[in-house]
Amino acid sequence: MSADATTLGGPRSGAADVLVRFARNHAWTLGLFAFLAVLLLFTKYVNSYYNLVSLANTATSVLPLALAAVAQAIIVMAGGIDLSISSQMALVSCFAAILMQAYPGDLTAVGIVILALALGVLLGAINGGLIVLTKVPDIVVTLATFFVWAGFALLVTPKPGGAAADWLKGLVVGSVGTDLLPKALIMLIIVVAAIWIPLSRSRLGLSIYAVGSNRLAAFRSGVAVNRTKFLSYVIGGLVAAFAGLSLTASTGIGTPVPEPTYVLISIAAVVLGGVSLAGGVGGVFGPIVAVVVLQLIRDDMTFMHVDPNLGLVAQGFILIGVLVVGSLVQMRRSRA
Amino acid sequence: MTLTATDLLLEATDVSKTYGAVVALDHASLSVQPGEVHALMGANGAGKSTFVKILTGAVTPDTGRIVVRGRERTSHSPAEARRNGLVSVYQEPAVIPDLDIRDNLRLTQTPIEPFRHWLNELGLEDLDLSSLARRLPLAALRIVDLARALALEPDVLLLDEITAALPANLTEPVLRAVQQQGSDRSVIFISHRIIEIAAICDRATVLRNGETVGVVDVTAGSEDTIVELMLGEDTTALGHKKAAGAAVDRGQQTPRISARKLSDGRRLRDATLDLYPGEVLGVVALEDQGQDELFAILSGAERPVSGSLLLDGKAVSYRHPADAIRRGVVFVAADRAEALLMQRSVRENISLPFSARIPQWGWINMGREGRKVDEAVETLQIDARAGAEVRRLSGGNQQKVTIARWVASGVKTMLCFDPTRGIDIRTKNQIYVLLRDLATAGAAILLYTSELKEIQLVCDRAIVIFGGEVVAEMAAAGADEAALLRAAHNLKSDAELPEEAVAGTVAEKAAVEAAVDDTSTRASQP
Chain A
1 MSADATTLGG PRSGAADVLV RFARNHAWTL GLFAFLAVLL LFTKYVNSYY NLVSLANTAT
61 SVLPLALAAV AQAIIVMAGG IDLSISSQMA LVSCFAAILM QAYPGDLTAV GIVILALALG
121 VLLGAINGGL IVLTKVPDIV VTLATFFVWA GFALLVTPKP GGAAADWLKG LVVGSVGTDL
181 LPKALIMLII VVAAIWIPLS RSRLGLSIYA VGSNRLAAFR SGVAVNRTKF LSYVIGGLVA
241 AFAGLSLTAS TGIGTPVPEP TYVLISIAAV VLGGVSLAGG VGGVFGPIVA VVVLQLIRDD
301 MTFMHVDPNL GLVAQGFILI GVLVVGSLVQ MRRSRA
Chain B
337 MTLTATDLLL EATDVSKTYG AVVALDHASL SVQPGEVHAL MGANGAGKST FVKILTGAVT
397 PDTGRIVVRG RERTSHSPAE ARRNGLVSVY QEPAVIPDLD IRDNLRLTQT PIEPFRHWLN
457 ELGLEDLDLS SLARRLPLAA LRIVDLARAL ALEPDVLLLD EITAALPANL TEPVLRAVQQ
517 QGSDRSVIFI SHRIIEIAAI CDRATVLRNG ETVGVVDVTA GSEDTIVELM LGEDTTALGH
577 KKAAGAAVDR GQQTPRISAR KLSDGRRLRD ATLDLYPGEV LGVVALEDQG QDELFAILSG
637 AERPVSGSLL LDGKAVSYRH PADAIRRGVV FVAADRAEAL LMQRSVRENI SLPFSARIPQ
697 WGWINMGREG RKVDEAVETL QIDARAGAEV RRLSGGNQQK VTIARWVASG VKTMLCFDPT
757 RGIDIRTKNQ IYVLLRDLAT AGAAILLYTS ELKEIQLVCD RAIVIFGGEV VAEMAAAGAD
817 EAALLRAAHN LKSDAELPEE AVAGTVAEKA AVEAAVDDTS TRASQP
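One line per chain: the protein sequences are A and B, in this order. In terms of this note's numbering, the numbers along the first sequence are unbroken and rise by one, the last being 336. In terms of this note's numbering, the numbers along the second sequence are unbroken and rise by one, the last being 862.
Hints should not be assumed to be uniformly reliable.
[As the list claims (entries may be wrong)] When the alpha-carbon atoms are kept at most 20 Å apart in a straight line, the in silico SDA-like pairs for lysine to any residue are as follows:
| no. | chain 1 | residue 1 | chain 2 | residue 2 |
| --- | --- | --- | --- | --- |
| 1 | A | LYS135 | B | ARG655 |
| 2 | B | LYS789 | B | ASP773 |
| 3 | B | LYS650 | B | THR590 |
| 4 | A | LYS135 | B | ALA637 |
| 5 | B | LYS389 | B | ARG418 |
| 6 | B | LYS748 | B | GLU809 |
| 7 | B | LYS597 | B | LYS748 |
| 8 | A | LYS169 | A | LEU107 |
| 9 | A | LYS135 | B | GLU508 |
Hints are computed from structural coordinates only; laboratory data are not their basis. These figures come from a predicted structure and were not determined experimentally.
Here chain B stands alone, though its shape is the one from the complex:
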C-alpha cells in the first residue's frame, strides 16, 4: 500500500539528533495513518524517548521534517505541539501537585464536559474535581492526564508507557479508549508490554540505535518479527564470546549477598537472588520493573518493606548507605550527577567515601589519602588533567572516578547500575576489564545493564526482572540478546503468551504515593 504524504496524518522523515558524541536518532522516520494505533518500539536507548520529545516540541532535532495533515510543522514547545494537533501523555503525569484538578484543567484550557466524559469511560467516574492533585494516587493522576489529553481531541495522541504501574481494572478501559479513537485520529503508543501492542496496535515502527529499522503490520505472531527487528542482524552474527568465569559449582559456597523475597511495597515485589564471590551477575530488566528499588535496598539507601537480606549468610539490615559501605557493599550509579561532587576535585571525590565515613571524624591523613588516590587514578587510567573540578572531565572519566573511589577503598561487593550508560566505547571496555579483574580477585559484582550485549561480554550469569520479580535466570552462554529480550518482556520461549501472568503483573497495587515522588522520577535513557 502506498500512501502519499497528504494521506498520512503524521509523517516525520529524516529526523536526527545527537547529544555530543552520542547519536540518539539517525535519520529516523515515522508515518502514521489516520485512525490507526501505531506502536513505537525499540530496546532501551534505541531513541524512542528522543523521538517522542522531538514530536512534542520538547527537543529540537538537528535535521528532519514533521508533517501533520499535509502541512509542515515545527514545534518549539509542548504548547506549540498541542496547537499543531499533537498531544502527549508522559509516564510522569503533567499535573501541578498544588492545584486541584479543576485548576489543572483550566491551566491547559481543557473543556470540562469532554473531560468528564472520558473520565467516566476510563473508569474514574467518582473523581472529585476539587481534590488537590497531590492527594491523588499516581494511577489516578495518569488517568486524569489521559482524560485531559483525550478531551482536547488531538489529531495525534502520544502515549508513553501509559499502562505502566496501572492496576488491571484501570488498564482495560485505557486500552479500550485508545482503540476508540475513531477513523480520523491516531494514537502513537509506546509500551514495553508486547502483549498490549499485539492487542490494540495496527502497525509498529521499530527503532534500533536511532534508526528506523522496520514497520510491521501487527498481526498474530508478529511479536517475533518485532523482537528480531529490535535486536538487529547481530543476534545471529554474535558468536558466544566466552565470559571469563568458568561455570563453578556453587554447591558449597555461601553467597556474598542473598536476597529473599525483597519488596519495597511499590515496584519491587518478592525479588530473590544470590550473588556469589568471584562472579559478575548481570541484571536485565525493562525500565521501571523494580531494578532501581532493588539496587537502592541492596546498597542501603532504602529499607525493604518485607523480605530478608543476608550478607555472607548472616542477616543484615542497613540504616544508611554507610552501613553497607562499611561491610564492603558499594553502589555505582548510572547517573554521575547523582554520585559525584561536580564542583570538587578528583581527589576529594575519590577519597570521599573512605575519608568521610561516619564513625571516623578527625583528621584526614593527607599522605595516605594521596597515595590511595594516586593508586586508584592509575589503576583506572583516569585522565585527571582537569582534576580541580570533576565537572570538567569527560563523561567516561567521570564514571571512572565513581568506580575509582570504591577500588581505592578495597571493595568486596560492587553494585553497578548501568555504569556504562552514555560513555565512549574505549572507556566501556576499560570498565569491563576492571569488573572482570575485580571478580577474578574475589569480589562479587552485580551489574544492571541496559545494553544486553554486556551480559555475554562481562557476566557469568544473568537474571531478568519483570514486574518486580526475578522471572528468569540463565548462564551467560545462553543469554544472547534475543533470549534476554524475550525474558525481559516476560515472554516464554514458545511464542505462547502467558496472558494471566501478565495480567497479574499489570495488576500491581496502585502506588499510593504522591505525584511528585522523587524516587519515581529517575532519569531514563538519554
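Looking at chain A on its own, in the form it has when it is part of the complex:
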C-alpha cells in the first residue's frame, strides 16, 4: 500500500494524536467552554457572592431551556427547524398538571407522565408528518402549529393551574448530598444520555446527519429522506415533552401561555452551540452549554443593574459577536 495512505483510526495514532484530533473536531464546543469560563470569572467579579452553589442553581433554572435546546438541535441537525417548541412544552406541561390534579396519587402520576411523553411524540409526529407530506417549509408548518398547540393549552386550562406529584417535583428540585449536585443536572444528564447517545450511534443518527448535510446525496445513498425527517421531529417532540414536564415539575403547575422567548433562545443556543442552521453539523452538548452561557449573561445583567431593555440589546450584540468570531475562526481553518 502506498505510504501516504493513512488508515482511519488505525493503531498508529497515539494518544496525543487522538487528543489533537478530538480538539480539532470539537473546537467549537471547547471554545464555548472557554467562553463559559471567562463568563464565570466575570460573574464572580461583578457579584462576589457568586459561588458553586449559585452555579448549581443556575443549572437547575435552565433545565427546561436546556431540554428545549436539545430538541431543537436534533431537528436542526436533520435540516429542519421547530418554532412550535415552546407551545409544545406548554401544552404537555398543562396536560400533565391538570391530569395530576384531577387524579392525584403517585402511581397514577407515573401513568400521566407516560401519557404526557406520548403526547409529545404525537405533536412531533404531526409536525413532521405535515412537513413531509405537504412539502410546506418547516418554518411555516411549525409556525402554524405553534398557534395550534398554544390554543389547545388554553383549552386544557385557561389560566395557570394544576398540580404536580411530589415525586416528580422531587426529581428536579433540590440537590443530591451537597448543594453542588443539583438533581436537575442529573435529570438532564439522564434524559440526554438516554436519547442522544443511542441516537448518535445508530443508523438513524447517521441518517439525520446525512439528510441535514445533503438531501440529494442522502437520497442517492439509499437513505429514506422523508422518514428520517419525520423521525427527527418525533424525537424532538419527545425531548420537548421532557422539557414541558420539567416545567411542571419545577413550578408545580401548568402555565398555558407559552414563553415565546423559549423558541428564540433554543434557536440561539443551537447556533451558539455549534449546530449549523443549514443542518448536518453539530451535537447536543454545545447547545446545552450555550443555554448556560445565555442564562449567565442575563444574570450578570441583572447583577449589574443594567436597564433590562438595554440588557436585551447587549445580549443580542454578544450573540452576534460570538458567532462572528466563531465563523471567522472556522473560515480561516477551512481555508488552511
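Given the coordinates of chain A, assemble chain B onto it according to the supplied hints.
Only chain B this time, still in chain A's reference frame:
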C-alpha cells in the same frame, strides 16, 4: 485576408483562466468580423463555457484582452457586458419565474416594440405578455429570452445551445433570425449540431484543451476539418490500446441490466441497452442528450414513463435508490457535491450507504463498520489525513470516497457518471485500474464519460446516445475519438448528412416543464 483590429467587431486575445490545477483556457483567442455568424466549437471540456462566461463578464480571466469595436473592454458582470454591446442567451433562460413576461422585460429595460417584432419573427406571435414566466414551457421561455436579446440590438449576440430541446417548428425561425442580423452585427453561435453550424455559420473557431486550434471558413465539407481540429493530432497517434477484456461471446449470457425503450417523457426516448457482468460499457453523448436521465432511471432516482428494465433477466422497478442499492446497483456521480456529506467524516461518508440503508435501523456495529471502512480506504489508497471533514480532501480523494463507499458494500453493478471529471491524472489512472479490477471480478460497469480517450482505455464496448436514443454501438477497438465524436454528433461515417434524422431529433416534444426545473440545471463542464 488580414483585418486590422479595428475592422473586427470583437477580438479576444490571449485569454487564460485556470481553476486550481485545471487549465480551462490557455491563451485562447477569438475574432469576430462584423456581420458574420461565428461558431465556437470544441469537445466537452474544451473551454467553450469558460470562454463564453469570460466574454459576458460572469468570470474574470487571469489574462487576456477583449476589444469590442476597437475599444478595450473589461466586463465584471453580465450587465456591464451588455452595456459594452455583448448580450448572451444561455441554455437556461434568464427569466424570473415569478414575474410575468412584461415585468421580466422591464427588469432588463427591454423596449417592448422591437421585442414584439422579434417574437413574431420567431413564430411566437400569440404569446400573452401578462402570463407568468413559470407557466410557460421551456421552449417558449427560450424564445422569449432570445427575442429579448435581439430587441436590445447588441453588437455581438452570444447564443449558447439555443436550439437544444427546441421543437423543429421553432428551430427554423430561430436559425433564420440569427442569419438576419445584418452587416453590422455579429452572432457567436455555440451548438453541438454540426448540421446547424454548416447551415448558418460563416466561420468557426475551434477550441481544444483550452487553446484555439483553428479558425475554419465553413463551407460544404468543412465538417470533417472541424471534427479533426476538435480532436487534435493524437487521433492518429493514439495506437489502439487493447482494453483488458477480450471479446466475449455474449450469446448465452444473461445481461446484468437490460433496458428496453426507456423514456423519461422529456429528454430520454427509447433508450435500449444491455450491460453484461464482467464488462465496462462506455456511454458517450454530447451534453443533454438524455444521459443524465438514463442514469437517474437506472439508479432508481427517477422512474421511467415508459419502457422496461430487467435486472438479471427479471423485470424490476425501483421506487427509491435504496431499492437499486439493495440489488447491488449503485451510482457514482460526477459532481461530488451531489454525492458526499461535505461536513461529515470520511468514515461516515463511506459507511452511509450500507449503514443507513432503509430496512435496517438499529445499531451500527462500529467494529465491523470500522473494518469495512479501513478496507475500502486501503483499496482505494485514499489519503484520509484530513478525514474529519470530507470537504477538506482534494477533489480526487473526494471522488475516491464516493467510489469507496460502494466498494466497501460489495458492489455488483456500478453506474459511473463521468467519475473522473476534474480530477488529477494520477487519481484518474487509479480509478481506471479499479474499474477494470471490478469488472474482472465480475461486476458490470456502465461508464459515461466526457473524455473520449477513456473509452479505449477502460471500456470493452461503447454506446453512443443522441437525442435520447442509442444511435451507435461499437467495440472499444474501433471506438477511437474520431468515430465516437462523429457518432455523438449523429454523423454517419460517409460524410453524408442525415438531414431528416436530425430534423426528427430536433423535433423533440417541447418540454412542458417549469423554467426552474432542477433536473435541467445539472452542472455542465467546469
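Here is what the structure says about each hint:
A C-alpha spacing of about 19 Å is found between LYS135/A and ARG655/B, which places the hinted pair at or below 20 Å, so the restraint holds. Restraint check for LYS789/B and ASP773/B: satisfied, since their Cα atoms lie roughly 19 Å apart, inside the 20 Å limit. Among the hinted pairs, LYS650/B with THR590/B is consistent with the structure: their alpha-carbon atoms are about 10 Å apart, no more than 20 Å. Taken as a hint, the LYS135/A and ALA637/B pair is honoured in the structure, with Cα atoms around 18 Å apart against an allowance of 20 Å.
About 13 Å separates the Cα atoms of LYS389/B and ARG418/B, which keeps this hinted pair within 20 Å; it holds. For the given pair, LYS748/B sits about 23 Å from GLU809/B by alpha-carbon distance, which is inconsistent with the 20 Å threshold. Of the supplied pair hints, the one linking LYS597/B and LYS748/B is violated, its CA atoms being roughly 23 Å apart against a limit of 20 Å. Taking the CA atoms of LYS169/A and LEU107/A, the gap is about 14 Å. The hint holds against a cut of 20 Å.
Simply put, LYS135/A and GLU508/B have alpha-carbon atoms about 41 Å apart, too far for the 20 Å limit, and the pair is violated.
Hint violations for this structure: numbers 6, 7, 9, all remaining hints satisfied.
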